[in-house]
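S.K.: Protein sequence lines correspond, in order, to chains A and B.
When the letters of the first sequence are read in order and numbered with this note's numbering, they come out as residues 34 to 423.
When the letters of the second sequence are read in order and numbered with this note's numbering, they come out as residues 25 to 225.
In short, the hints are calculated from the structure, not lab data.
Please note that the accuracy of each hint is not assured.
Stated by the list, open to error - Pairwise CB distance ranges, derived in the manner of DEER restraints:
id, chain 1, residue 1, chain 2, residue 2, range
1, A, Ser72, B, Lys104, 42 to 52 Å
2, B, Leu71, A, Asp232, 15 to 25 Å
3, B, Glu205, A, Lys300, 52 to 62 Å
4, B, Tyr66, A, Glu264, 45 to 55 Å
Everything numeric in this text was worked out from a predicted model, so none of it was measured.
Using N, Cα and C, we set each Cβ at its ideal position, and we do this for glycine too.
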Amino acid sequence: MSAVAAMPPKNYEILPKTSETGEPIGELLEISMGPHHPSTHGVFRMDVVLDGETVVKLKPVFGYLHRNHEKIAENISYLGSMPYTDRLDYFCSMTNNWAYALTVEKLAGLPVPERAEYIRVIMAELTRLQNHTCLIGFFVQDMGALGTPLMYAFREREKILDLFESVSGARMMCNYMRFGGVRCDVTPDWLAQAKQLVDGYGKFLDEFEALFTENEIVLARTQGIGVLPRELVVNASLTGPMLRAAGVNYDVRKVDKYGIYGRFDFKVPLGEHGDIYDRYMVRVLEMRESLKILQQALRDIPSGPVMDPKAKLRGFRPKAGEAYGRIEAPKGELGFYLISDGSANPYRYRVRPPSFINLTVLEDMCLGHRISDTVVILGSVDIVLGEVDR
Amino acid sequence: MGTLNIKGTEMLGEQIIKGMAVTARNFFGSYVSKERLTTVQYPEERLTPKENTRQFPFLVYDGDDWEKGMRCVACQICEKECPPQCIYIVKSKDKKPDYKGQSQLYPATFDIDISVCMSCQICVEVCPFDAIKMDTEFELSTDDRFGGLLFTKDKLAKSNEHFRKIHPTEAAAVDEHLAGEKARAEAKAKAAATPPTNPAA
Chain A
34 MSAVAAMPPK NYEILPKTSE TGEPIGELLE ISMGPHHPST HGVFRMDVVL
84 DGETVVKLKP VFGYLHRNHE KIAENISYLG SMPYTDRLDY FCSMTNNWAY
134 ALTVEKLAGL PVPERAEYIR VIMAELTRLQ NHTCLIGFFV QDMGALGTPL
184 MYAFREREKI LDLFESVSGA RMMCNYMRFG GVRCDVTPDW LAQAKQLVDG
234 YGKFLDEFEA LFTENEIVLA RTQGIGVLPR ELVVNASLTG PMLRAAGVNY
284 DVRKVDKYGI YGRFDFKVPL GEHGDIYDRY MVRVLEMRES LKILQQALRD
334 IPSGPVMDPK AKLRGFRPKA GEAYGRIEAP KGELGFYLIS DGSANPYRYR
384 VRPPSFINLT VLEDMCLGHR ISDTVVILGS VDIVLGEVDR
Chain B
25 MGTLNIKGTE MLGEQIIKGM AVTARNFFGS YVSKERLTTV QYPEERLTPK
75 ENTRQFPFLV YDGDDWEKGM RCVACQICEK ECPPQCIYIV KSKDKKPDYK
125 GQSQLYPATF DIDISVCMSC QICVEVCPFD AIKMDTEFEL STDDRFGGLL
175 FTKDKLAKSN EHFRKIHPTE AAAVDEHLAG EKARAEAKAK AAATPPTNPA
225 A
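All chains, full assembly: derive it from the sequences and hints.
M.R.: See the structure below:
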């Protein structure tokens, strides 16, 4: 190195690295991990204040995908907002539809035929399978796996989306559940295909798990990071796998037993430490429990109608009143709160988005960790911006 | 599974090697087994669409003349029920006979803005005349930004033959239902035309 290059430029002051007492001095760096970012799972911004690489303060900023879903629902009929619910958590359209249909059925007191209940359970568990599989794929991509496991996950997801397309016509925005049943019946051919998929899924899960569960890199990056203690988790009203990873035994399927979940024999996996690794393991075990539910449902599905033939599609006016319906969506407890004033449009339509509420503890999880841990922690919260912003 | 808390112990990387075995099995397996090679080289190869797939609506007409045979009677139910309100209908001033022989109104203008349409299929579900159904064509991109995606009546009208080709089971059910309606209407017309026999005589 020449002597000229070694000299500092004239207008640059080199600050001392430590003060007289020996403490490091310097400024905190504020970064906006902005809405255009490959690892933020959508248009989501985090204002992070860093001391070196350690997070000192974190503020999540969302609203970039706000589409006025709740206001639109006040101006169109009840059936008309069903396609909009598909687009809330766009990975899991079937469960969004079911939550909304459940709320309207509670509001208007509509019964649901048994075959339709079984079909709803099958669709919801298939949705849970593909959501958790893709989530693990995205989660390891955030850690640097460069997308190969994500592509394995999408390969299996395509099989499930093919099933959704043969029954409802669309791969993702299914618009399949109706108030009082489902839109159309499934053929025995479809049931055979679903059974074939479910039987082969366990083998894929074994292979997929072999990539991550005991992988040293995953263990080093996820154990002990993003720990949430039990009291904080319950007080912040988190739900879903984040709640169960901290050890709280609360699954809406077991508590409410909505639909016919009381008939199925499945366990609820619980974590111990509440860190990222526990959330990942809870999701993997939940997938295996979903396979059990699916096998039972496909075995026991009765024949019969799937919708009341006298149910009105147009001119549906429930009596004045209010109802709150909730289900265990793959991301947490998805709830809809409807107030009806007796007219064809709802008076108030509110969505309880699990991703939004699970995000409120992001700062508590990230303080003290490094900025690269922030990305992995966000991946483990499992957000979909369509649901956070509605 | 228990807690695999091996952080802090010696990590030699053997699980990473096992993970690489999975990746290798997938990669080399894609040369051998069709299940592992799932990429479809679009647009040279295409997947066969499912029968129930839905993309954008079209108007069905019976017979060969698309204006005379169109089933739509401009009742405007689909326009009212459409959630993003992408259908625009103007009723005609005169009437024309439908497949049953009754004279009905028809749409003078029937526009669907497919850049707004979200393919929810509610218009198909609420149509009482089986006049609007879902098409399967999706390669509709155009660079004409002022009206290239606004489909007018002539672009939306497709024959019943096309409907039978893309959705065979649904078309068969609709044809059966309409034939039943026609037979019922004809029977009623015949009962009204024959003079009633005098029971007292």
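S.K.: State for each hint whether it applies.
M.R.: Here is how each hint holds up against the structure:
As the Cβ distance of serine 72/A to lysine 104/B is approximately 44 Å, the hint placing it in 42 to 52 Å holds. Roughly 23 Å separates the CB atoms of leucine 71/B and aspartate 232/A, a value that falls within the hinted 15 to 25 Å. In this structure the hint that glutamate 205/B and lysine 300/A lie 52 to 62 Å apart at CB holds, the actual value being about 53 Å. Against the hinted window of 45 to 55 Å, the Cβ-Cβ separation of tyrosine 66/B and glutamate 264/A comes to about 52 Å, which satisfies the hint.
The structure fails none of the hints (numbered hints given earlier).
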